[in-house]
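2 protein chains.
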Amino acid sequence: MKIGFIGFGEVSYVLSKLFFENGFDILTSIEGRSIKTKELVNSIEYICLLSTFEEVAEESDILISANSPNSALGIALRYGSLTNGIFLDFNNISPDTSKKIANFIGEDHFVDSAIMGKVKSKELNIYLSGKLAVKLEKFINSNLDNTSESKINTTVVSDKMGDVSSLKILRSSYTKGVSALLIETFETAKKLGLDYELWNILDLTENNLFRQSSKSRIKSSYKSSKRKYEELGEVLDFVSSVNDKKSDSLMVSATKDKFEYLKNRKKF
Amino acid sequence: MKIGFIGFGEVSYVLSKLFFENGFDILTSIEGRSIKTKELVNSIEYICLLSTFEEVAEESDILISANSPNSALGIALRYGSLTNGIFLDFNNISPDTSKKIANFIGEDHFVDSAIMGKVKSKELNIYLSGKLAVKLEKFINSNLDNTSESKINTTVVSDKMGDVSSLKILRSSYTKGVSALLIETFETAKKLGLDYELWNILDLTENNLFRQSSKSRIKSSYKSSKRKYEELGEVLDFVSSVNDKKSDSLMVSATKDKFEYLKNRKKF
Numbered sequence: 001m002k003i004g005f006i007g008f009g010e011v012s013y014v015l016s017k018l019f020f021e022n023g024f025d026i027l028t029s030i031e032g033r034s035i036k037t038k039e040l041v042n043s044i045e046y047i048c049l050l051s052t053f054e055e056v057a058e059e060s061d062i063l064i065s066a067n068s069p070n071s072a073l074g075i076a077l078r079y080g081s082l083t084n085g086i087f088l089d090f091n092n093i094s095p096d097t098s099k100k101i102a103n104f105i106g107e108d109h110f111v112d113s114a115i116m117g118k119v120k121s122k123e124l125n126i127y128l129s130g131k132l133a134v135k136l137e138k139f140i141n142s143n144l145d146n147t148s149e150s151k152i153n154t155t156v157v158s159d160k161m162g163d164v165s166s167l168k169i170l171r172s173s174y175t176k177g178v179s180a181l182l183i184e185t186f187e188t189a190k191k192l193g194l195d196y197e198l199w200n201i202l203d204l205t206e207n208n209l210f211r212q213s214s215k216s217r218i219k220s221s222y223k224s225s226k227r228k229y230e231e232l233g234e235v236l237d238f239v240s241s242v243n244d245k246k247s248d249s250l251m252v253s254a255t256k257d258k259f260e261y262l263k264n265r266k267k268f
Numbered sequence: 001m002k003i004g005f006i007g008f009g010e011v012s013y014v015l016s017k018l019f020f021e022n023g024f025d026i027l028t029s030i031e032g033r034s035i036k037t038k039e040l041v042n043s044i045e046y047i048c049l050l051s052t053f054e055e056v057a058e059e060s061d062i063l064i065s066a067n068s069p070n071s072a073l074g075i076a077l078r079y080g081s082l083t084n085g086i087f088l089d090f091n092n093i094s095p096d097t098s099k100k101i102a103n104f105i106g107e108d109h110f111v112d113s114a115i116m117g118k119v120k121s122k123e124l125n126i127y128l129s130g131k132l133a134v135k136l137e138k139f140i141n142s143n144l145d146n147t148s149e150s151k152i153n154t155t156v157v158s159d160k161m162g163d164v165s166s167l168k169i170l171r172s173s174y175t176k177g178v179s180a181l182l183i184e185t186f187e188t189a190k191k192l193g194l195d196y197e198l199w200n201i202l203d204l205t206e207n208n209l210f211r212q213s214s215k216s217r218i219k220s221s222y223k224s225s226k227r228k229y230e231e232l233g234e235v236l237d238f239v240s241s242v243n244d245k246k247s248d249s250l251m252v253s254a255t256k257d258k259f260e261y262l263k264n265r266k267k268f
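Heads up: the protein sequence lines correspond to chains A and B, in order. Quick note: the first sequence uses the numbering used here, first residue 1, plus one each step. Quick note: the second sequence uses the numbering used here, first residue 1, plus one each step.
Isolated chain A, as found in the complex (with noise of 0.2 Å):
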């Protein structure tokens, strides 16, 4: 069983030395590739080099694109259209460029899908939707060498072009946003000289189970929302007043007029 990358960067390495652990053909080209990748490239035994990207797309079971957002719509429609197999794309593509490329190629040669979770590990998640989804993770599946150390996990989102982009998407809105909201906050606590302690009072609080914690953390937010929101307006002009520019209180204030509008709307 074929699986053909086109471009190798650090994502597809990772990737294909998971499939070919797991007894998958590798097949990948170095056609007007950067020497480093060259290199790279040919520095791997297992690796089935073949002339033009043209040919790992026809002769691909599974065509594999991890590159970058920008370059991922041009791979697509230059060579996903050329696979006789399945074409995934694994950059982080939105939800409407998934539908361009499905479109595009058609529901029968493209899935929607996304790694999960860390792509550096012995465990690879892949997340899969649309029509020929189910097939697929059922052809993964019947072809992958249980005797392996390395763990290639399958799971079926929906048939539904576009569910496996739109849940790589909040996740991203999800984990980037507390990003802004760590900077934001231990700037403020740097100013006043007290981010080492408040590393300390969180780390007494936020080491619980990430869902357990979460769910009770949504459940009485809805229900003390008024509480909540007028202790933010406190909170708000304090940060205020450590904060010369508002940009340094973006996310408080964002947090403060989220809660305004929970506390006077009806319950979700």
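It should be emphasised that the hints constitute simulated quantities derived from the structure, not laboratory data. Hints are supplied without guarantee of correctness; some may be wrong.
For chains that are exact copies, the list does not tell them apart, and a pair is met inside one copy or across any two.
Quick list of in silico lysine to aspartate or glutamate cross-link-like pairs, EDC-like style, CA-CA up to 16 Å [stated by the list, open to error]:
{"#": "1", "residue 1": "K151", "residue 2": "E58"}
{"#": "2", "residue 1": "K246", "residue 2": "D257"}
{"#": "3", "residue 1": "K219", "residue 2": "E187"}
{"#": "4", "residue 1": "K99", "residue 2": "E234"}
Let chain A serve as the given structure and place chain B on it in line with the hints.
Below, chain B alone, put in the same frame as chain A:
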């Protein structure tokens, strides 16, 4: 050693129990309290009841107010000034209110304090700052019964009035921001019927140790703020297409604004 409580709600009850188990005498009054509170207080054997809260204030080595943010200042001004010991305010008051109380009572009888982490537990974490914070910590520790099953931990942050209130409000800012973010993200996911899978996906990556994962999140956000900002453009387009109201995408919009600001400014 006597610890007095002005008012006696749920928090006071848990605190009094912990302090009693650690060898302290517990004072309070039922003067002018609700029937419910009177019944609660009367049912607790270890409580020493005085006829007025003025007497409680005068008799106590440590006088605790654990009521509501709104009543905090009034109680502090009325009773805090009567004690010869140390007055502690365990309400969610702002650094500003702390300073008002300190100005009125004086730093010889008021220490900035907060309980961090859960109150309902066998372990209590009290943070202290102010001129007498170290002295108070020694005083508490020297009276603790080390054979007790329940533990009272004290941490002195600094000799600066307001530092503990600042920490408390920064903590509140962070946790409420996460709540708002969770609510917004999962409401959008629900509209798409993808909330079940989103929990599964976040479980894959969000269960790491808080400090370690947060620090690496901050580092990577500083490093690739430009890329993340661009990705957030797609995130916002998507989330706005799911939600009718701007208020339903408020946190994402703020996160995007935050990353725009981060990419344009010099490193913090």
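Checked hints:
1. Taking the shortest Cα distances, K151 and E58 never come within 16 Å of each other, neither inside one copy (27 Å) nor across copies (68 Å).
2. Taking the shortest Cα distances, K246 and D257 sit within 16 Å of each other both inside one copy (14 Å) and across copies (11 Å).
3. Taking the shortest Cα distances, K219 and E187 sit within 16 Å of each other only across copies (13 Å), while inside one copy they are farther apart (29 Å).
4. Taking the shortest Cα distances, K99 and E234 sit within 16 Å of each other only across copies (14 Å), while inside one copy they are farther apart (45 Å).
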